[in-house]
Amino acid sequence: MKIHKYDTVIVGAGGAGMRAAIESTKRSRTAVLTKLYPTRSHTGAAQGGMAAALANVEEDNWEWHTFDTIKGGDYLVDQDAAEILAKEAIDAVLDLEKMGLPFNRTPDGTIDQRRFGGHSRNHGEAPVRRSCYAADRTGHMILQTLYQNCVKEGVEFFNEFYVLDQLITEVDGIKKSAGVVAYELATGEIHVFQAKSVIYASGGTGKFFKVTSNAHTLTGDGQAACYRRGLPLEDMEFFQFHPTGIWRMGILLTEGARGEGGILRNKDGERFMEKYAPVMKDLASRDVVSRSIYTEIREGRGCGPEGDHVYLDLTHLPPEQLDAKLPDITEFARTYLGIEPYTDPIPIQPTAHYAMGGIPTNVEGEVLADNDTVVPGLYAAGEVACVSVHGANRLGTNSLLDINVFGRRAGIAAAEYAQKADFVELPEDPASLVVEQVERLRNSTGTERVAELRKELQETMDANVMVFRTEQTIKTAVEKIAELRERYKNVSIQDKGKRFNTDLLEAVELGNLLDLAEVMAVSALARKESRGGHYREDFPNRDDVNFMRHTMAYREVDAAGNDSIRLDYKPVVQTRYQPMERKY
Amino acid sequence: MATPTLEKVDSAAQEASPYITVVFRIRRFNPEVSAEATWQDFAVEIDPKERVLDGLHKIKWDQDGSLTFRRSCAHGICGSDAMRINGKNRLACKTLIKDINPSKPITVEPIKGLTVLKDLVVDMEPFFQAYRDVMPFLITKGNEPTRERLQSAEDRERFDDTTKCILCAACTSSCPVFWNDGQYFGPAAIVNAHRFIFDSRDEAGEQRLEILNDKDGVWRCRTTFNCTDACPRGIEVTKAIQEVKRALITRRF
Ligand SMILES: Cc1cc2nc3c(=O)[nH]c(=O)nc-3n(C[C@H](O)[C@H](O)[C@H](O)COP(=O)(O)OP(=O)(O)OC[C@H]3O[C@@H](n4cnc5c(N)ncnc54)[C@H](O)[C@@H]3O)c2cc1C
Ligand code: FES
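Chains as they are written, first to last, in this note's numbering: chain H, 2 to 585; chain Z, 3 to 255.
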């Protein structure tokens, strides 16, 4: 075991982690621990754009953006945070441009902007061009630009280090962050990083679904590490299902395709979104479009012999426009489906995409231990966190924005805290939990296989807690997950070595997915209403009287060592927007 | 009713099973076990429309958990899984079984010219070091404007091709010059220098050209086009290298 000491440790090198690192490296001695090489992070997969009311191509302002964000989130958004997001968006985009990001340009040479779902002019009048983009590779450009600037600033990376535990020490009755424990992939060695501040920027948890746009590595490690140490997870029942994933594969086809004029059609060729969202049509918010697609499928208007998908039609758009604005997604259709999007519609279905919930923080990125107490020295930003700017449903292009705005804020706040704070003493035997976990898996002779349990988990999640949920389906999922967690105790791996043991790490990641899936299902069961991405067929309406509040899920362990989930609730911060019915 | 899933498809598919048996012949190496690398065959039932990466996963998940490779996004964006497949550098996640003649064993080896650490995993550090050496970041002088720097659509287009690089190393590790001399910067680093040299906003083109004028720099390129063939993003790598050479001669870019 090795012990390292840094002022600031950042967990993750996606957009949020690297944006934080650029700030904190200037202000404090910083280490970035990342399980992937930074440029492998899933921020690179983002396609469509990053929202900011630059008003480069038409009238726009940040107040409209704030409103759209709150409405898009079905009023579960903390309105103070949304206002910061929309206001700071403009500088966040300009900062990236100055760092070198090659945005698409208008004829005047300014940053070009395009339409995206849920972003509107003057509180819902008509779609507005707010998404700043670089073809359909905006995430790639953000990730590359941030990495380039990390190289410039000399940011210190520990690549292929998996953070598996969060260290917390109680000082005078206050829980404080003391550091993290990491597992080095190359050698199997365990490292303890003592740090004055720790920032989690470890991304989402989409891999508990089967059809998903998320990478294999998005397994919620950061959420799980904090949760197991008794910290709450907020709004985990809210998961976004993006309307347009490639049929059966889940690979994303950006909403920018509809922003450029693409149309969804059922088997009769009908533009069905006109029925469900007369104003915004195909560009209504994602939860609305995904439900509409499944309604078409259920009512027998799906496409193909099984009637299990619909079409994204781009055939009416000029090939030059597709080549210039959507080169990557058209190539995905050609590579993975053998379809030519110039002439043929693309089969799509909703795909599990984005975790609205996560580690609760305030607007400075400080992690909350309960509804209002912060954990000194602990921060989170990006998809791992819940500020909450996305509420019950995130608007497209607001996440690339979130990682930049709150990544930057967390980087500054963590470094400034580290400048004035002292190191917190490490707990006794700090690596014990990780050592025990790794040894147990390596030495287990159990009969359960990781791949089988993961498959069963993903199937139950897709079948029971996806776009439509009922008490009965959620209960089925809860029971199945409990069974899988029990069987997980009997899991074994084949690779017993120390060097690049990805067999072992897949087992660890599965453990995280199982814990988080349980939190999601239990939180969903208790929320007896429909709001944003959480749709209960048995409670189809939003219920502001009982459920205008954030879920806070805590892990509790009884004397016998059995764990359970305790749910609590936190009020939503409302400033100037009164909840209204959501229409698009 | 729950969300409709695709279970039904499987039952329909049973009638005319799309699955075929494919042999993967994989270069195995694990210094914890043996100092020698060996070939190992695995037979896998797979739909030919699936990816080579799906095949590797089936082996790892169902047959031999110790098979080791890097991967993340699974759709050609993150650059984790460049490997030699039937003797050519490709991304495993972007190569469909049906496109590489599955009637014969499919050979899978690590990319060449970088030290193999285990199975298909190589040491990427020298590769990233060469990248860092070309100063891969925008350098500007003078005061920053309050708004964005202006750039015409044409000027933006000038370096578009080289912005697509995902640093997968498929090009560099397909280059015979790089195999023989690991000191050579290699195509990927030159591509990333090109991305800034031809960016109208950048003001350090001269400095970068000097770096590439080095004995291990751009002049080592012998224009074999392996790199262009290998690039999974379709970047015209050789052309970019030629443009850098020309800029070195004319000092215009
Ligand atoms: C296909 C796709 C398209 C998208 N398009 C858009 C879009 O157009 N606009 C938009 O706004 N949003 C989009 N999103 C959402 C957005 O891209 C993501 O939410 C965002 O990029 C997440 O960034 P992040 O920095 O939080 O996490 P990530 O980029 O996922 O990075 C996570 C980092 O954490 C590290 N990590 C994870 N676990 C550990 C661990 N245990 N130890 C150490 N390190 C760890 C990883 O190595 C990685 O570096 C899209 C998402 C997807 C999947
Ligand atoms: S797994 Fe990301 S490029 Fe292949």
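No wet-lab data here; the hints were simulated from the structure. It is possible that some hints are incorrect.
[Stated by the list, open to error] DSBU-like, lysine-lysine: derived pairs with alpha carbons at most 30 Å apart: (1) K153/H - K90/Z; (2) K51/Z - K27/H; (3) K51/Z - K114/Z; (4) K421/H - K456/H; (5) K456/H - K114/Z; (6) K100/Z - K60/Z.
[What the hints assert, rightly or not] Each pair of labels, with its calculated beta carbon distance range: (7) D125/Z - D559/H: 46 to 56 Å; (8) E365/H - T23/Z: 31 to 41 Å; (9) K100/Z - P319/H: 56 to 66 Å; (10) E47/Z - V58/H: 51 to 61 Å; (11) A155/Z - R335/H: 20 to 30 Å; (12) E557/H - N103/Z: 55 to 65 Å; (13) S19/Z - V436/H: 45 to 55 Å; (14) R302/H - T40/Z: 13 to 23 Å; (15) S19/Z - D559/H: 29 to 39 Å.
Note that beta-carbon positions come from the ideal geometry of N, C-alpha and C, so glycine has one too.
Verification of the hints:
For the hint linking K153/H to K90/Z, the alpha-carbon distance of about 34 Å lies beyond 30 Å, and the restraint is violated. Taking the CA atoms of K51/Z and K27/H, the gap is about 49 Å. The hint is violated against a cut of 30 Å. Restraint check for K51/Z and K114/Z: the C-alpha separation of about 27 Å stays at or below 30 Å, so the hint holds. A C-alpha spacing of about 47 Å is found between K421/H and K456/H, which places the hinted pair above 30 Å, so the restraint is violated.
A hinted pair counts as satisfied when its Cα atoms are at most 30 Å apart, and K456/H with K114/Z does not qualify at roughly 34 Å. Distance check on the hinted pair: K100/Z and K60/Z sit about 17 Å apart at the alpha-carbon level, within 30 Å; holds. In this structure the hint that D125/Z and D559/H lie 46 to 56 Å apart at CB holds, the actual value being about 47 Å. One distance hint, 31 to 41 Å for the beta-carbon pair E365/H and T23/Z, is violated here, with the actual separation near 57 Å.
Remark: the range hint 56 to 66 Å for K100/Z to P319/H is contradicted by a beta-carbon distance near 31 Å. Our hint of 51 to 61 Å for E47/Z and V58/H holds, since their Cβ atoms are close to 52 Å apart. In this structure the supplied range 20 to 30 Å holds for A155/Z paired with R335/H, their Cβ-Cβ distance being about 26 Å. Under the hint 55 to 65 Å, the C-beta atoms of E557/H and N103/Z, about 57 Å apart, fit the expected range.
Range check, S19/Z to V436/H: about 46 Å between beta-carbon atoms, so the 45 to 55 Å window is met. Restraint check, R302/H to T40/Z: a C-beta distance of roughly 55 Å breaks the suggested window 13 to 23 Å. Here the CB-CB span from S19/Z to D559/H is close to 50 Å, at odds with the stated 29 to 39 Å.
The structure does not agree with the numbered hints 1, 2, 4, 5, 8, 9, 14, 15 stated previously, though it agrees with the rest.
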